Structures are given as C-alpha cells and as structure tokens.
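Residue numbers (our numbering), protein chains in the order written: chain A, 1 to 608; chain B, 1 to 608.
No lab work stands behind these hints, which were simulated from the structure alone.
Just so we're clear, the structure is a prediction, and the values are computed from it rather than from any experiment.
Among these hints, one or two may not hold up.
Because identical chains cannot be distinguished in the list, a pair is counted as satisfied if it fits within a single copy or across any two copies.
In the DMTMM-like style, the derived pairs of lysine to aspartate or glutamate whose C-alpha atoms are separated by at most 25 Å in a straight line are [what the hints assert, rightly or not]:
| id | residue 1 | residue 2 |
| --- | --- | --- |
| 1 | LYS259 | ASP335 |
| 2 | LYS605 | GLU511 |
| 3 | LYS256 | ASP335 |
| 4 | LYS259 | ASP592 |
| 5 | LYS294 | GLU251 |
| 6 | LYS605 | ASP11 |
| 7 | LYS259 | GLU340 |
| 8 | LYS294 | GLU222 |
| 9 | LYS294 | GLU282 |
One-letter residues, chain by chain:
There are 2 protein chains.
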Amino acid sequence: MPDRDLQYLADLAAQLRVDSVRAADEAGSGHPTSSMSAADLMAVLFARHLRYDFAEPGDPANDHLIFSKGHASPLLYALYKAAGAISDEELLSFRRRGSRLEGHPTPRLPWVDVATGSLGQGLPVGVGVAMAGRLERMPYRVWVLCGDSELAEGSVWEAAEHAGTEGLDNLTAIVDVNRLGQRGPTRHGWDTGAYARRFAAFGWHTIEVDGHDPAQIDYALEDACGTRRRPTVILAKTRKGEGAQEVANREGAHGKPLKDAARAIEELGGVRDVRVQVRAPEANGSPFRFEDGKLELPAYDVGDTVATRTAYGQALEALGAARGDVVALDGEVADSTKAEAFAKAFPERFFEMFIAEQQLVAAAVGLQVRGWKPYAATFAAFLTRAYDFIRMAAVSRASVKLVGSHAGVAIGEDGPSQMGLEDLAMLRAVHGSTVLYPCDANQTATLTAEMADLEGVSYLRTTRGDTPVIYPPGERFPVGGSRVLRHSPGDRATIVAAGVTVHEALAAADELRASGVPVGVIDLYSVKPVDTAALAEAATTTGNLITVEDHRIEGGLGDAVMDAVSELGPRVVKLAVTDLPGSATPQEQLADARIDRNAISEAVKRLL
Amino acid sequence: MPDRDLQYLADLAAQLRVDSVRAADEAGSGHPTSSMSAADLMAVLFARHLRYDFAEPGDPANDHLIFSKGHASPLLYALYKAAGAISDEELLSFRRRGSRLEGHPTPRLPWVDVATGSLGQGLPVGVGVAMAGRLERMPYRVWVLCGDSELAEGSVWEAAEHAGTEGLDNLTAIVDVNRLGQRGPTRHGWDTGAYARRFAAFGWHTIEVDGHDPAQIDYALEDACGTRRRPTVILAKTRKGEGAQEVANREGAHGKPLKDAARAIEELGGVRDVRVQVRAPEANGSPFRFEDGKLELPAYDVGDTVATRTAYGQALEALGAARGDVVALDGEVADSTKAEAFAKAFPERFFEMFIAEQQLVAAAVGLQVRGWKPYAATFAAFLTRAYDFIRMAAVSRASVKLVGSHAGVAIGEDGPSQMGLEDLAMLRAVHGSTVLYPCDANQTATLTAEMADLEGVSYLRTTRGDTPVIYPPGERFPVGGSRVLRHSPGDRATIVAAGVTVHEALAAADELRASGVPVGVIDLYSVKPVDTAALAEAATTTGNLITVEDHRIEGGLGDAVMDAVSELGPRVVKLAVTDLPGSATPQEQLADARIDRNAISEAVKRLL
C-alpha cells in the first residue's frame, strides 16, 4: 500500500478514536476504550473493502456490518460521521434522550440491521444474513465485529459450527482481541492462537494480525474476500484504549469516558475532518425470490381429531406454495414440530439448524433482515434456550415467527424436561409480541398463515396429541380475537381456555349445563393481544371467570385475562399447573395438574 | 483383558439392551435405540471404573454419573437394576404415573444428581460438580454421557472452554456417536475426528474408540483416569439400536419402542440376570469445607443513598465470612454486580465464569449437588440467556441463588439491550421459585443472607443506581412478607411497589397526602411468594390498588398482585414498562416509562 494511503488510514483511525472519545465525553458515559481498539480495523474496512451505499440502506446489494460488540457504538457512529451519514452535531447527541445514537446500536438508525449489546449475538445473526445472501444469490458480504470476551458465549460456537459446516464464505468475523474484558483480563489474553485453533477446528479460515497495522488488516480483509467455501475469522491483536496514554491497555478503563478527554484528543492529533468514501455495492440485479402461488390451506373435517402441530406443518407447506418469501427453520425436531412437511416440499427454503436454539432464532432474525418471513420451530420448552435472542429480536424490531410444539403437561410420559410450561409467560413479556395458542387444526392453519405478515415477534403454541376439530375450514381468527363457544343468557360463569384446555372446558360446560349449571366458554386463542371486549362482556354478565391453561400459573393465559378485566372486578379463578409433574399419560397429567374437565367442573361449583 | 471378562461385559451389555427394550415396550414409549448404542460404554464403566456406593448415594467420595442424553433413561435404569439398586419390577414401571423412573431422569431417584432431558446441559452441570470436587479436594470423578446431536448446543462449548482452560482432569465426557439424531443424520455422522478436533482445540484430551469394543472402551476409561491437568472426552463410534436388526443403525427408529420387542430380545440372547459389582468409592476422609464465622451484615444509615447491588456485594462478603458453604460465581461483570467484594475476600470460593451465562447457572447447579450454596450473578437482562438452565434447575430440585443487577429502565443511558425487563416474569414462572426485589441497602443485605438456606431457585433483583436507605439496619424481611410504608385510616388507594419504584411511590404518596389525597404504600419486596394477607387487607380497606414496577407489564409484580387479590375484586391499575426505551438518564427513563412519581400521582388521581 502506498505511504499516502497508509497515512490516510492512520488519519481516519485517529479521527475515529477522537470522535469516540468526544461522544462519550459529551454523553458522560459509554465505551470509548472498546471503540479505540477497533478503530484501525474499521478504518481499513470502510476505506477499502466495505461496499455500501449510505444513501440507500435498503439496496439489496449492500454489504452488512454488524457490531456484535455493540458497546463499541461510539466507533460505529464515528464511522457514520466519517462516511457522511450523520453530522458531528448528531454524533455528540450520543446517549441523549431522543437521540438515534443509543448506548448500543439499534435499527432506529437505517444502517443498523439488528440491535446488539447482549454479547455473542452479532455473529449468529450474521450467519442468518449470510444464509439469506446465499439464498437470494446476492454477492454482498457480511462483516461482524466481535469482541474477544464474547467468544466465551456458547452462541458464538453455534454460529461457528453452522457457518463452518455450511461453508458460508460470504461471512467474515473480525475479532478485536484487546485482551481486556469488563472487569479484567480475558481468559486467553492476547493468545490469538487459542481462538484460531478453535475457529479452525470448526472449519473456518483463520488469520492472525496486528490490529493496529493497516497493511496487515488490509491483507486479511482481502484474503477474506478471496476465500471460498469457508467463512473467515480475522483475529486482530489490539490494545484497548489505543492512542491515549491515560487508558491504553489499562485495566479499569472499561465503559466510561476518559478522565482527561482534552488531553487524549490532543494526543490523537486533535479534531479532524477526515471523510471516508465507502465503495458502492456491486450492482447486479435484484435478489432471487421464489415464486408466489395460490394459498390453499389444508381443511380438516369437524369431528375428526388432528394434532395442531400437524396442522402447523401442513399449513406451513401450503403457505410455502403460496408465498415465495416464507422460509422455515427447525431445531432438529422437524418430525415432531411437523415442519418436515415444508422441508420436503421446499428443501431450498428449509434450514436444519440442528440442536442449537440460539442459532435457530438468530438465523431467523438474520433472514428477516433481508425481508424473508422466517418460521422457526422447536419444542416450546426449548425456546427457553433462546430467550435472550427473542428479547433482543424485539429490540431489533425484527419480525420473526416462532413455533413451540409439545406445549404443556399434555405431552404425557416424556416428563417435565420436555414440557413447555413457561413459554406463554416468556413470550408475553417480550415487547410488542403476539402470542397465539390454537385449539384445533383449522384454527391453527389460519393462524399460521396470518402470522406471515405480523410485525414483531410472534409465537404459535402447538400441542403434541390429537385434538378434536371444532371449527369448520375457512373461518377467520383475527389476532386479538376470541371465540365464544358456549353462551346462554343464564350463564353463571364463563370458562376461558385456549389450546388443549378448550376441549376440557367444553366437556365441563356441557356436563355442568346438563346438571343445571349453565356456563359459557371462551376460546382465547389470542393470548396477546387479548380480546378485552369479549372478556369484559363475560366478566360483567356472569361476574365469574374461570381460566384454565396447560402452563404455569404465573404469567400465562390466566394473568392475561385478569389484566384485561381487572378494572371490572369480576371474581377470577385460575386453574393452571402448580406442581412439578412426572411421567404419566396425557389424560392423567391433565387430571393431576387439576386442569381437566373434572377439575374445571369442581372449580365452577366451588366458585358458585 | 481376559476372555471371561470380555464375555461378562458382553453379557452385561446385552442385558442392558434387553432391559432397555423391555422397559420401553412395557411403557409403550421411550428411547430404546438411544440406550442400545451406549450399552457397551456404560457396561464397561460400571463394571470396571465407576466408584459408587448405591447404598449410600450421599457418600461424598462417590463418583458422579450424569446422563446428559437423558432420553437414554432406559439404559440408566437398566444399569441401576444390574447394580441391584432397583428391582426388575420397578424397571418395568418406567414412565408410569407415580413411578420414579420418569421419561427422563430426575433426582426423585437418589442416584440422580440433576434432571436431564434438555440436551446440552449435562456437561455444563458436570463441570460444576467437577469444580466442587476440586474445591473440596475429593478424589471423585465426574462421568458425563453425552449424545452426538447435543454437541451442536453452544452450552457444550461453554463447558468445553471452562473445563479445558481450568484443566478439570476429574471430568470425563463419553460421547455416544451413534450418528443419528431425532429426525435424521447428525451434521458430522461418524466423523469422530470432527468432534475430536473441536474438543482438542478447547484443551481437552481426546480419545476416539469403537464404542462396541469393550477392550477399547476400557483402555479409554483407564486413560481418562490417568490423564492429568486436562479433561478427557471419549468419542465412541456406535450404532443406534445396536443388537436388534429391526432398528440397528436405521433412521426413523428414534424415541419409540421396537415393533417386535420379543424378537429383539431373543436376538439379544433373551432376558438374563447379570449383576454388576460397582467398585466402592475411595474412602479418604471428609470433604474440605471453609470455616464458619460470625455473620456481621453491613449496616447502612437511613438517609444515605446506596445502590442495592453494592449492598449485595458487601452482604455476600459478610456471608462468606460467616458461612464456609457459600460460594459465588459471576459472568465477567463482578465490578457491576459487585460480587467483586466476595471475590477479593474469598478468591478460592469465587468462580469467574466469563461471559457464558448458561455455564454460570449450570456451574451453580453442579456446585449445589455437593451441598455448596452458590450465588450466581450477572445483569438481570443476561439471565435470560440461561432460562432453559434455570427451568431445568427447578426440575432438578436444585437450590441456587441467582442475582440480576441493572434491572429495569432505571439503568439509564445504556439502553434496552442492557435492561432486565422480563426477569420477574421469567423467574416467577419457574416452579417453586422465590423472587425478591429489595428497595434499599439494608433490606438487600438481609435478603441476601436469607437466600442462603432457601430451597429451590431463588432470585434477587438489584438496581444499578443509588437509592435512599429507608430501613434501619437489622430489621427482618421474611420471604413472603411485605412492608407497609405509608398507611392511614382514610387511605383512598394503596400503591404497591418494589425496588426502585418504592421511592417513586413514597414521593407520590407524600405529595398526594399533602394535596389532600391520603394513599398507602406497600413495599412488596417478596414478589414470589407474595404477601397475600397484606395485599388483601389493602384491597378491602381502600378498594383501589396501583401497582408500579420497572419491568414489562406482563408477568411481573402487577400480575403477582392481581393474582393475590383477584377473588376480592378491588380495582387494580398497573403501571409498568410498555414501550421500547432508548437511551436517556435514569430519571428520564422512569418518566418516559410512566412509572415515576408524577405518573403514579396521575394514575391515583385518574383512578379516584
């Protein structure tokens, strides 16, 4: 590289450091030292390898840059300034109320694909974006800036496994090995070889460089672009706080502004106005999409018995035929979740993620970055493995469709490790989420199709065993709705149920009615948002609600109902799982958990 | 090995297969083929290497055997039968209601340390048990039987990193590489080298063997016992369903009984009565324990301002001095959670788990297996990373103390990725959990100490910023209790708060009272179990409750209050976080989320 290029890169990097120091200083908080270590890496990337049109963040040929070490946000914003995307004034709004420049990057900025800040998530999501690039045959590259500390997260190795085995050569991880974590030295310090051995074992091309030597960095980035059939990791030895004596390579300087920012800025050569011209993306046509067709959802006859998980699989297959933008992922249990129907029909659009639920959800988040509609399924119980990713998907404003099968004690003999009993609580607490829990096959099919265009995190809960089909094909089940299944003017109470307990509630109601106690039944298939109007009407007309759910008593359907009617003051009795189940048949489990028809009848009688 | 030993091992393994087939056949469900692949491995382990007294499962010198592939429970139970611990009759109670022999192993059986069945958890928990062995200077070994499918879980690599770097040579992973997962072939099939390269890169001693050759297995187990300063992984190439033509090495035979069990049993040589004499544990004294001392909790002056996370750290240090059984773990944020106070005082009892929250919780579960009282801390937000481990800890009847700092929007500028806003919902939904959320330093200190002897999963939520000390030192705060902070006979409503919102509630109440609207305030520091009596009294006397929490509106304090008072029918208004926050100061965040003093006052006025 000519000397003048090297000088330019040094100037650019110095400005990035200065601006990181300034932004944090102005904010009074933030992570300047974590930004300074990676400044040379990003200067070379932006000046010579990234292909991105900041004026057109939606250009499908744009590269993708994910700051997995999201706390280095001052560096990212300094880069945006150097690229002319934001002003110096906006840079200095860092961390202020109302500013787009949050403490950790979020998609409030149009150039940010996903929110980061929970470490170990950027690389798995980057894998998803790289999968999308391969699917749509676009030549973009995915660059992920990682910290060294976050390589301790298992999710990084789920990503390493998937990318390495799938040979995602459009993916490059750049690891800023600055040897210092938050509270002190990392496990491996500057032993970049330790990381290189690990990534190499997972099938990656590895390059170890001095992360403050622009020529070495440039060579490594070039090498990454030229490497075929393997992802590349660049392990860059750096110094945290590089460039300012006060903090350079010192412990105790994590996550705070410099004490003497002015001196550091002077040391770094003062405030500059260096601009970076990022290369334009390769213009080569539009991304590949699969053809759309006609939606013909499966239809089930009333009176038949069909598992809702089966209906999910068949509806997903029908949806795949109708919509070329639908893709499906599964955590090595597609024969159980029934996603296998889609996998067989559309193998190109099905992703086997094996038993790696964090990567399963992260890949879905990555795919939706490029406009795909991802359905990701595993057992409801095992989605708990990915809760941090689900939570962060909401911060990312990501639209992903999650499906949890084998919900509740109704799975029977397999026992509590396999029972999704916390999933409603977990998903309800996610910002902007939709939580659906159908009770029959036709309802499941309709809701599966409806999820495709829902914004945010949506969740469908399915049941292992067969349940009666009670709705004719073709009926509508809007999100936020409910269905009144039993109702008479003399109803003395209303049972509110969803999924498997709807059938128990119907049996109980019919038995109670026969014995002279008329009660209503509501199918609350939309647990969030909840049908407040219907519940309010039931609450005011009967004054007595019995909620019954195959879920723990905390945070699920019962709490959703109480929340909806609390200001009306009805009496509410919640039936839910309170003990720790063992093995037993599905019907024994429902009885033991006191959520079967007998328990419901008794609860109604006790209440009245 | 002499021929007669080989013959004996073959007979024992055949019986284990026969009994696995029989148990699943009798149950009508279960995983016989996953049991059959590992039968030779376990036969050799039990006959020649395991040291265990089945009559004294509590013997501190006993080895520990964890079936990480918990679905191979028929094999485990067949081993118990061969060892004389259970009868053939009990074996055939497999998966029946009331039987201790659940679909996946749980500690209802005295020889089972922890529940398994959510894959990828046995090895991380085994790491914790191995850490305990080193801490207490006991010569026991930890054996973990893993499946090959579960090596896709990131948690396995968190365990590999910790054990490899710490050199836990008392830990051996035995991987049953039967090449078939649930729905089909695994990623690496029989390529044991692929796994060996990965484990070796993480610092493990690796051995690849034919998993059906007792001599090779014996050699490998011997080698594991003799290996110093490194954990060992034995990668055993096996055939799923080995020994029965109907299923051997065939796809589609996962997780179900054999079609023709009688024929398979005949093929395997019929029902036998082979016994295995497991070697006695090495008798060498009692486990090392640190000395107990006197508990002198830190005391804070009323009117001072102290962060509850600081009080946690100082109380934990005091507790460490008082109790030799208390240990602490942290996820590389001990300077933030303030666990560093303990770390400095008791370095031998402090475990830096780096940024690997699944291993953080798993290690705590492993340590409590041996009677230690583990406190595991990270940011509340990042405990979501370990939700599956927390859920399974409850199934394991494990007593672990989790601490989440930096809860809520009150953290301020760092933004939503760092805000624990789902933690109360997540932890409340865990079976048998205790959820504590103190508002001042003295209360935090008392509750920290109280957690030590709580059974099950307990959780302490702490706040980043300083809050006023409102309780004098030395007061009692029993689990399940609450404190009435403002109360007068004329109260027109009661505000229920916890943690940071207690101070907002007090300010609002004082302002309201001054303006002629007397309201009560309850500090609901015990979110689960909840003080139903106190809430009921408030509900009946004022009829109006306002709950206010720095948490999402679903599943937290508000829902806990509603649940407690629902049958009394008060009006309940919930104030909680409903939008997606950005960056802002702590006070701006509380105001924007409508959970500050002004929002509370307004809500009270609207309600009345």
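Verification of the hints:
Proximity of LYS259 to ASP335 under the C-alpha cut-off of 25 Å is restricted to the inter-copy arrangement: shortest distance 19 Å between copies versus 58 Å within a copy. In this assembly of identical chains, LYS605 and GLU511 lie within 25 Å of each other by CA distance solely inside one copy; the values are 12 Å within and 46 Å between copies. Within a single copy, LYS256 and ASP335 get their C-alpha atoms only as close as 50 Å, which misses the 25 Å cut-off; across copies the closest is 13 Å, which meets it. When the C-alpha separation of LYS259 and ASP592 is checked against a cutoff of 25 Å, the pair qualifies neither within a copy, at 63 Å, nor between copies, at 30 Å.
In this assembly of identical chains, LYS294 and GLU251 lie within 25 Å of each other by CA distance neither inside one copy nor across copies; the values are 61 Å within and 34 Å between. Taking the closest pair of Cα atoms, LYS605 and ASP11 never come within 25 Å of each other, the shortest separation being 79 Å inside a single copy and 59 Å across copies. Taking the shortest alpha-carbon separations for LYS259 and GLU340, only the inter-copy value of 23 Å comes in at or below 25 Å, while the best intra-copy value is 58 Å. In this assembly of identical chains, LYS294 and GLU222 lie within 25 Å of each other by CA distance neither inside one copy nor across copies; the values are 45 Å within and 63 Å between.
For the homomeric pair LYS294 and GLU282, neither the shortest alpha-carbon distance inside one copy (34 Å) nor that between copies (70 Å) is at most 25 Å.
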